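**Q** Let the sequences and hints guide you as you build the complete structure.
Protein chains in written order, with UniProt numbering: chain C, 1 to 283; chain E, 1 to 283.
Think of the hints as simulated: they come from the structure by calculation, not from any bench. Hints are not guaranteed to be accurate.
Identical chains share a label here; the pair holds if one copy fits it or two copies do between them.
[To be verified] In silico EDC-like pairs for lysine to aspartate or glutamate, Cα to Cα no more than 20 angstroms straight-line:
no., residue 1, residue 2
1, K243, D34
2, K87, E46
3, K199, D51
4, K202, D51
5, K87, E162
6, K202, D169
7, K202, D271
8, K202, D182
9, K87, E108
10, K87, D262
11, K199, D271
12, K202, E226
13, K87, E222
14, K87, E48
15, K243, D36
16, K199, D209
Note that the structure is a prediction, hence the values are computed from the model and not measured.
2 protein chains.
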Amino acid sequence: MIAMASSVTDLLRTTGPVDLAAIDARSTPGFDDDKDAALAATAQLEPELADLQERLFAGGRAGTTERRVLLLLQGMDTAGKGGTLRKVAGLMDPQGLTVTAFKKPTDEELQHDFLWRIGPRLPQPGMVGVFDRSHYEDVLIGRVRQLADDVEIERRYGAINEFEQQFVDSGGVIVKCFLHVDAETQAERLAERLEDPTKHWKYNPGDLDERALWAEYQQAYEIALERCSTDAAPWHVVPAGRKWYRNWAVGVMLLDALRGLDLQWPPADFDVAAEQARLAASR
Amino acid sequence: MIAMASSVTDLLRTTGPVDLAAIDARSTPGFDDDKDAALAATAQLEPELADLQERLFAGGRAGTTERRVLLLLQGMDTAGKGGTLRKVAGLMDPQGLTVTAFKKPTDEELQHDFLWRIGPRLPQPGMVGVFDRSHYEDVLIGRVRQLADDVEIERRYGAINEFEQQFVDSGGVIVKCFLHVDAETQAERLAERLEDPTKHWKYNPGDLDERALWAEYQQAYEIALERCSTDAAPWHVVPAGRKWYRNWAVGVMLLDALRGLDLQWPPADFDVAAEQARLAASR
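**A** Here it is in structure tokens:
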């Protein structure tokens, strides 16, 4: 499994125009085995993820690194942003993790540029941040629901690319995942939520209003994926019809991102032998 | 194991004067088996922790609960606050978790009352918060290093009790854990950090300056544990010389706290049958 890792990141990366209807949401690119194998392979990511995350965190604490990682999750309702968070981000040490779920902007946030609320939530050096929704909402629901005029929506694609480039230039790495489900899978999952009283809290009648605009959202995603998949911060389309594949693929991409940082343990900024002598004298 | 749960919380609770020297840091109150059994028992806490945490989180999202949980960790250097966080908080869904590591106060924080920086970091309804250090530092290092005058230090015990009572009155529950190690265990763990380059980042020469004040810190802890173990927010002394016991005990106390909330799934605030009909019409 581990040997496949970088190829999945490459396989799922999008460049140029995107035709979501042509991507089978239940496909498993780069993974040729079954659910049990995927669950095992995902669990096997944990030791290396833990080691690399601790190195990153150590560098942040020691002040020796500017590196940080942002995992950005987007997708239609029921695509599994929350589940991916629980199963993939849950593999990591919570001390080194910040999770931000972006909701409908507040009145105060609406008085500022759409990126105003995003910057402060970016991970600090040494940290892994996860965004459950993000600034992309402002070119998704923003576009579909015409929450801003056309000129402003157009401006935002470039503003996002510049914003992400700055984050990368300052030591960040971004793993952008669009969790791709089809309309029928969404219907099945919404039906499950309605049938199960322990899932009612996840359901909102407004979800069906957005579902009615499925085609418009798919188009808005296609435009965003095309316009904002850059060398600095490429987009990945993750087939999310099978949860076990989705979790494995996102885990591998996160691991790939950490591997790419070539993380070293911070060197001691004190005289080790002298401290050993002091410690011995204290016993 | 599960049957023992509430007895551990009771066993470790402190009321009245505390004599830390009389508590064996390598003892395992309420656990009569070995390390492997403790690791297995800790892993077995996960399903119920996950279920209860999701109910809590669901209530927060649905706006139907004011309940929240604060796990507060204190202890001398090397007592294992970070390890407990990784192993116990790591059992939970990161979406419902906020972790705050309190450092030396900033200049701005020092211009305010010592509780000023604490309030905003308390968990919101539906969330589990973890404090790695806390407002207790202001009666620990604050007392030992005389960072405030005697009158102010005295005032703080009552202020803390009032602050914690307010949190509890507003729906919170606090699990306060003092991770108890002895001076020899600390020396062993500091020696390990000095010997292992992958642990140098955890070491700070200042740690030995604090270690030189061991007796003063133990006394400051004893006073804080006595003065601030209240009915609303009792203190627990967790023997932390054995990491596997420490993690199991804190995990059980966290689970006990969640059990005590009698968490129910939020009821649907919509007409389920009507939504099922709308969904069917959309397929």
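**Q** Against this structure, judge whether each hint is valid.
**A** Evaluation of the provided hints:
| no. | hint | result |
| --- | --- | --- |
| 1 | K243 / D34 | within (12 angstroms within a copy, 37 angstroms between copies) |
| 2 | K87 / E46 | both (11 angstroms within a copy, 13 angstroms between copies) |
| 3 | K199 / D51 | between (35 angstroms within a copy, 12 angstroms between copies) |
| 4 | K202 / D51 | between (34 angstroms within a copy, 15 angstroms between copies) |
| 5 | K87 / E162 | neither (31 angstroms within a copy, 38 angstroms between copies) |
| 6 | K202 / D169 | neither (37 angstroms within a copy, 28 angstroms between copies) |
| 7 | K202 / D271 | between (54 angstroms within a copy, 14 angstroms between copies) |
| 8 | K202 / D182 | within (19 angstroms within a copy, 47 angstroms between copies) |
| 9 | K87 / E108 | neither (33 angstroms within a copy, 38 angstroms between copies) |
| 10 | K87 / D262 | neither (25 angstroms within a copy, 26 angstroms between copies) |
| 11 | K199 / D271 | between (56 angstroms within a copy, 14 angstroms between copies) |
| 12 | K202 / E226 | neither (30 angstroms within a copy, 44 angstroms between copies) |
| 13 | K87 / E222 | neither (27 angstroms within a copy, 40 angstroms between copies) |
| 14 | K87 / E48 | both (16 angstroms within a copy, 16 angstroms between copies) |
| 15 | K243 / D36 | within (12 angstroms within a copy, 32 angstroms between copies) |
| 16 | K199 / D209 | within (19 angstroms within a copy, 53 angstroms between copies) |
Checked against the numbered hints listed earlier, the structure breaks hints 5, 6, 9, 10, 12, 13; every other hint is satisfied.
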